[in-house]
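Residue numbers (numbering that gives the first Met the number 0): 0 to 113.
It should be emphasised that the hints constitute simulated quantities derived from the structure, not laboratory data.
Any given hint could turn out to be false.
What the hints assert, rightly or not - Mimicking DSS-like on lysine-lysine, the simulated pairs with C-alpha atoms at most 30 Å apart in a straight line are:
1) LYS37 to LYS79
2) LYS98 to LYS37
3) LYS79 to LYS38
4) LYS32 to LYS98
5) LYS79 to LYS69
This structure is a prediction, so every number in the text was calculated from the model and none was measured.
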Amino acid sequence: MVSSPNTVSGVDRLSEMLGMSVQELENFSPQYKHAVIKKRSGGNRLLQMPNDETKRVQRLLLDKLIGRYKTHASCCGFSKGLSIIDNARPHVGRETVIKLDIQDFFPNTTVDRI
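When you get a sec, could you build the whole thing from the sequences and use the hints?
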């Protein structure tokens with residue numbers, strides 16, 4: 000099987016794409032600060048804010064990998080230049096709009112699930 004330049008077939012290829020050594024990549028441990036804010040609708044929302052190194056690695060992943068994939072035409076969340084207004088526009092005037100807030104979605108996303 001021939002892999003394309005964007006294919007990540009192992010830690011060696013990933014480290015090369017990100018400009019990090021294999022050791023740096025294997026030793027990387029994301030760090031987050033936590034804060035709780037009040038939601039307008041009541042209740043609390045947990046914020047998980049990455050430290051500078053975690054942000055740097057996330058930016059590399061976005062720029063080198065995720066940003067190279069085309070998103071579905073109806074997807075606004077990961078499309079550069081689109082906003083929540085662009086997301087809402089197709090729903091204006093609809094009889095029914097369903098809004099979901101998946102509680103604690105990211106804390107339940109483990110490395111094994113990625």
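For this session: Please flag the earlier hints that this structure goes against, numbers listed from lowest up.
Result: When the structure is compared with the hints, none of them turns out to be violated.
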